[in-house]
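Use these hints to put chain S onto chain R, whose structure you have.
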Amino acid sequence: MTSTTTVTDALPDAVVTSRGPRYRQQLQQILAFAGLVVIFAFFSVASPYFLDWANIKGILLATAVTGIMALGATFVIATGGIDLSVGTGMTLCAVMTGVFLTNLGLPLAVGVLGGIAAGALLGLVNGLNVSFLGIPPFIATLATMMVAQGLSLVISGTKPIYFSDVAGFGQIALGELVPGLPNAVLIFFVAAVVAGVLLSKSLVGRYALSIGSNEEATAISGIDVRRWKVVVYTVAGVFTGLAGVVMASRLNSAQPGLGLGYELEAIAAVVIGGTSLRGGKATILGTVIGALIMATLTNGLRIMSIPQEWQKVAVGVVILLAVYTDILRRGKDA
Amino acid sequence: MKTTRAARLKHVGAAGAVALLLALGACSSAADDGSAPGGGDGGTPYVALVSKGFQHQFWQAVKQGADEAAEELGVEVTFEGPETETEVDKQLSMLQTALDKNPDAIGFAALDSEASIPLMADAQSRGIPVVAFDSGVESDVPITTVSTDNEAAAAEAAKHMVELIGGSGKIAVLGHDQTSQTGQQRVSGFVDYIEENAPDVEIVDVQYAGGDQLKSADAAKSILQANPDLQGIYGTNEGAATGVVKAVQELGRAGTLTVIGFDSGKAQTDAIRDGLMAGAITQNPVGIGYETVRAAVAAINGEDVEPVIDSGFYWYDATNIDDEDIAAVLYE
Numbered sequence: 001m002t003s004t005t006t007v008t009d010a011l012p013d014a015v016v017t018s019r020g021p022r023y024r025q026q027l028q029q030i031l032a033f034a035g036l037v038v039i040f041a042f043f044s045v046a047s048p049y050f051l052d053w054a055n056i057k058g059i060l061l062a063t064a065v066t067g068i069m070a071l072g073a074t075f076v077i078a079t080g081g082i083d084l085s086v087g088t089g090m091t092l093c094a095v096m097t098g099v100f101l102t103n104l105g106l107p108l109a110v111g112v113l114g115g116i117a118a119g120a121l122l123g124l125v126n127g128l129n130v131s132f133l134g135i136p137p138f139i140a141t142l143a144t145m146m147v148a149q150g151l152s153l154v155i156s157g158t159k160p161i162y163f164s165d166v167a168g169f170g171q172i173a174l175g176e177l178v179p180g181l182p183n184a185v186l187i188f189f190v191a192a193v194v195a196g197v198l199l200s201k202s203l204v205g206r207y208a209l210s211i212g213s214n215e216e217a218t219a220i221s222g223i224d225v226r227r228w229k230v231v232v233y234t235v236a237g238v239f240t241g242l243a244g245v246v247m248a249s250r251l252n253s254a255q256p257g258l259g260l261g262y263e264l265e266a267i268a269a270v271v272i273g274g275t276s277l278r279g280g281k282a283t284i285l286g287t288v289i290g291a292l293i294m295a296t297l298t299n300g301l302r303i304m305s306i307p308q309e310w311q312k313v314a315v316g317v318v319i320l321l322a323v324y325t326d327i328l329r330r331g332k333d334a
Numbered sequence: 335m336k337t338t339r340a341a342r343l344k345h346v347g348a349a350g351a352v353a354l355l356l357a358l359g360a361c362s363s364a365a366d367d368g369s370a371p372g373g374g375d376g377g378t379p380y381v382a383l384v385s386k387g388f389q390h391q392f393w394q395a396v397k398q399g400a401d402e403a404a405e406e407l408g409v410e411v412t413f414e415g416p417e418t419e420t421e422v423d424k425q426l427s428m429l430q431t432a433l434d435k436n437p438d439a440i441g442f443a444a445l446d447s448e449a450s451i452p453l454m455a456d457a458q459s460r461g462i463p464v465v466a467f468d469s470g471v472e473s474d475v476p477i478t479t480v481s482t483d484n485e486a487a488a489a490e491a492a493k494h495m496v497e498l499i500g501g502s503g504k505i506a507v508l509g510h511d512q513t514s515q516t517g518q519q520r521v522s523g524f525v526d527y528i529e530e531n532a533p534d535v536e537i538v539d540v541q542y543a544g545g546d547q548l549k550s551a552d553a554a555k556s557i558l559q560a561n562p563d564l565q566g567i568y569g570t571n572e573g574a575a576t577g578v579v580k581a582v583q584e585l586g587r588a589g590t591l592t593v594i595g596f597d598s599g600k601a602q603t604d605a606i607r608d609g610l611m612a613g614a615i616t617q618n619p620v621g622i623g624y625e626t627v628r629a630a631v632a633a634i635n636g637e638d639v640e641p642v643i644d645s646g647f648y649w650y651d652a653t654n655i656d657d658e659d660i661a662a663v664l665y666e
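For the record, the sequence lines run as chains R and S. Quick note on numbering: the working numbering labels position 195 of the first sequence as 195, and the sequence is numbered without any gaps. Quick note on numbering: the working numbering labels position 203 of the second sequence as 537, and the sequence is numbered without any gaps.
Treat each hint with caution, since some may be false.
[As the list claims (entries may be wrong)] Stretch-level coverage of chain R by chain S, calculated; a stretch enters the list once three of its residues show a Cβ under 8 Å from a Cβ in chain S:
| id | stretch |
| --- | --- |
| 1 | 44 to 58 |
| 2 | 159 to 172 |
| 3 | 251 to 260 |
| 4 | 299 to 305 |
What the hints contain is simulated information worked out from the structure, not anything from laboratory work. Backbone N, C-alpha and C fix where the C-beta goes; we use that ideal spot for every residue, glycine too.
Pulled out of the complex, with its shape left as it was, chain R reads as follows (with noise of 0.2 Å):
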């Protein structure tokens, strides 16, 4: 491993100081995290049902296999590009890791691990398709989108494939190895860990901001963009496939016909963080805070009552907040 200064010694100039000083991003998260407080608060207001452990717990459950997913899209939509494939990638995913463990019989840890590698092999599939194909990352994962729904459907038979015989893998995602808190929450959080040090001490994540700055200008550095922009998208590919583990865990099934539309809410929870679709700008922090407050508005407004109908309207108008205070911060600095 190069150290981190040779890995920005070796940027040009115009991308370092692209990337902006180092408290903008800060504030974007502390932004995204008033907003959360300010969420919090007045749920806990709103509802003296709210501010209660196991509803917390409830939401940091129904956080973990967005938030993972979304782990994986920081990466994709640092360079600028965008991944879709990553909903119905992670059923294909919980799918695959069905047919290792239930249909083939494999031990626990070789079929967790393949249904990681099934996402990480779609991930290089994109990679490859938008590096060496040429093709735009939207076309290139709306098309691995649609041949992930479909191979999910053909792979299970169209039906559920479902996990009680196989001993422990309930506990993945439902067990406790803190007391209290749900193995998901925990996988969310090391997964974070490790996406927030790739992203900003290792060369894929420097590199991926560099490319989403000023791909030219990356290039002209003499850094292999197209090798790398493979890398991120199997990267983000490695989260999906750990998404797909989890939700298998957390449902006992692979349901073949789950996951589109959840690429869609991963990419809401990257964008409130702070993370320019256009690239070059991202945090995991932000990353995290954002589907936790994608998650925290839906209990709360379930709390309440509020009808789903005006819960999608509340998301959405949440996330034209979120993007437009990031705009108005960054006017101000320009």
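Then chain S, alone, in the frame of chain R:
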């Protein structure tokens, strides 16, 4: 060096794509074998079924019934449907394509009871008899409608809920779809029964979570959180009901809450066997498919068909889940 590798990868990618397409092509042509739709002229009669979906276990069971009838009556049947039950436009284009194949009869499960009216007229002008199944169409073209009486089925669920919670207490409903007729009737039949027959039972909340298990589980948890003294929850389809069971399990509320479901699926039947769920209503999906094809064949032969064919529903719980007539209509 770099270019060579890029070029090589490009070729690998292209070759992979071609291989994938070939594989998919092989799959689809294999699937077409034996069900290749002939036109309406000569040979075996052909009945085209356009359903509301095919992914869901329920539709697979309908297909199974249709296939059984097709074999028994010596007709060819094709079965297709959109991916989700909101894709009204996609379903209409499937119906259009089905009509263009000039089948001897059409079976149609309308996602939207009015959107298909023009196509119904088209079928009529071509002289193709239409059998509506699962839910009705706002048109007098279909010669019959084969469906579950969802209002009555939901009322049956309500009746059992009232009995199981001892005639009084707070309950909630977790619906799967507030826009389709079936989704609405599954709720209204339940709510109406409670309002008319159980003055001491209060429905504190009716929420919808799209029939998605994960979202239904989170929604049910919110409802339980907001109503600590809740006695029972009714989930209106497989996804909603298993989501409720998931929520009860995760909150450790098993045994303190009466859960009633709808349809089947392994997760739901397991929950009933394990005592996590008190019982559920099952439609007769195999019967719907079977009766649809049978009515279509009757129409082809010019026989009279009843204007409404009720395919029936059953209440099942741990006591009768393995009875022959119940087991026959449950799906995994």
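Annotated coverage of the stretch 159 to 172 of chain R by chain S, confirmed only when three residues or more have a Cβ within 8 Å: holds (count 4)
How does the stretch 251 to 260 of chain R fare against chain S when you require at least three residues with a CB closer than 8 Å, holds or violated? holds (count 8)
Residues of the stretch 44 to 58 of chain R with Cβ under 8 Å from chain S, three needed, outcome: holds (count 7)
For the stretch 299 to 305 of chain R, count the residues whose Cβ lies under 8 Å from any Cβ of chain S; is that count three or more? This one holds; 5 residues, not fewer than the three required, reach chain S with a Cβ under 8 Å.
Checked against the numbered hints above, the structure violates none of them.
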